[in-house]
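Peer 1: The lines below spell out each chain.
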Amino acid sequence: AQKVTQAQTEISVVEKEDVTLDCVYETRDTTYYLFWYKQPPSGELVFLIRRNSFDEQNEISGRYSWNFQKSTSSFNFTITASQVVDSAVYFCALNRGYGGSQGNLIFGKGTKLSVKP
Amino acid sequence: NAGVTQTPKFQVLKTGQSMTLQCAQDMNHEYMSWYRQDPGMGLRLIHYSVGAGITDQGEVPNGYNVSRSTTEDFPLRLLSAAPSQTSVYFCASILDGMGTEAFFGQGTRLTVV
Chain A
39 AQKVTQAQTE ISVVEKEDVT LDCVYETRDT TYYLFWYKQP PSGELVFLIR
89 RNSFDEQNEI SGRYSWNFQK STSSFNFTIT ASQVVDSAVY FCALNRGYGG
139 SQGNLIFGKG TKLSVKP
Chain B
86 NAGVTQTPKF QVLKTGQSMT LQCAQDMNHE YMSWYRQDPG MGLRLIHYSV
136 GAGITDQGEV PNGYNVSRST TEDFPLRLLS AAPSQTSVYF CASILDGMGT
186 EAFFGQGTRL TVV
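Quick note, the sequences are listed as chains A and B, same order.
If you read the first sequence in the numbering used here, its first letter stands for residue 39, the second for the next number, and so on.
If you read the second sequence in the numbering used here, its first letter stands for residue 86, the second for the next number, and so on.
It is worth saying that the hints were derived from the structure and are not from the lab.
Please note that a few of the clues may not be correct.
What the hints assert, rightly or not - Selected chain B positions facing chain A (Cβ under 10 Å, derived; list incomplete):
| # | residue |
| --- | --- |
| 1 | Ser118 |
| 2 | Leu130 |
| 3 | Tyr149 |
| 4 | Asn150 |
| 5 | Phe175 |
| 6 | Phe188 |
| 7 | Phe189 |
Said to hold, decoys possible - 27 Å max Cα-Cα, derived DSS-like pairs, lysine-lysine:
| # | chain 1 | residue 1 | chain 2 | residue 2 |
| --- | --- | --- | --- | --- |
| 8 | A | Lys154 | A | Lys41 |
| 9 | B | Lys99 | A | Lys41 |
| 10 | B | Lys94 | A | Lys150 |
| 11 | A | Lys154 | A | Lys108 |
| 12 | A | Lys76 | A | Lys54 |
| 13 | A | Lys76 | B | Lys94 |
| 14 | A | Lys154 | A | Lys76 |
As the list claims (entries may be wrong) - From chain B, some residues computed to sit far from chain A (all C-beta separations above 10 Å):
| # | residue |
| --- | --- |
| 15 | Lys99 |
| 16 | Gly148 |
| 17 | Leu164 |
If you're wondering where the values come from, they're calculated on a predicted model, not measured in any experiment.
We put the CB at the ideal spot given by N, CA and C, even for glycine.
Chain A extracted, bound-state conformation:
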C-alpha cells in the first residue's frame, strides 16, 4: 500500500522565520515520484517540485529547498525567510512509476502554513 503522511496539520510562523514542512511516504515500489503542491487561499493547486526515486539530490529554488532522503522515506520542504505570501496549504504527493495506477497521485492531508507579518 502507498501512503503519504504530513504530520504537521498547521504551522504558524512570523515573517522571516525559516520553516520546514515534513513529508513521510510509504511505498514498496522501486520507481516512484514525489511532488509538492501549494494551495493558496484562492484555492488553485500550484505545482512546486517533482523528484523521482533515483535522484536524491537536494534542490534549491530561491527561498525554497527540498530534502529527499530514501533512507528515512522523507521528502521535506523548507522555506527560508518566510513571507506572508507563503501562507497556503502545502501538499506532498506520491505517484507510482508503473502499474495500472500510473498517473494517480496519493496526497498527504496537507499542512496549513500561516505566516504572520
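Chain A is fixed; fit chain B onto it per the hints.
Peer 2: Okay, now just chain B, sitting in the frame of chain A:
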C-alpha cells in the same frame, strides 16, 4: 493555451438531483482524473482515465460516474446527490505515467442541501 478547464466553479444542488461537472484539457494529456478535497482529508481520487475509452475507480468512487469518449474531455456525473458529496472537486490531467506533474483545474465547490 487554456490548460485544464473545469465548469462550473460553484454549484448548489438539492439532495437527489443529478449533475455533471465538466473537465476539458487542451494539452493532449493521456491521463485524466477527478479528486475531491474535504477539510483535513487532503485530495482523494474518485475516478481516473488512462486514455480515451478507458476509466477506472479510485479511492472514493461511490455515487459518481465517468466516461472518456475523447482525449480532451472527462466529465464527472453525480447520479443522485447526497449531502456527503458536498466538497471541492478538482480535475487533473497528466501527460503520461512517467512522473510528469499534474495540471489541475480551478476546482468546483459543490454544496448539496
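Peer 1: Going through the earlier hints one by one, which of them does the structure break, listed in rising order?
Peer 2: Hints 3, 4, 8, 9 and 11 not satisfied by this model.
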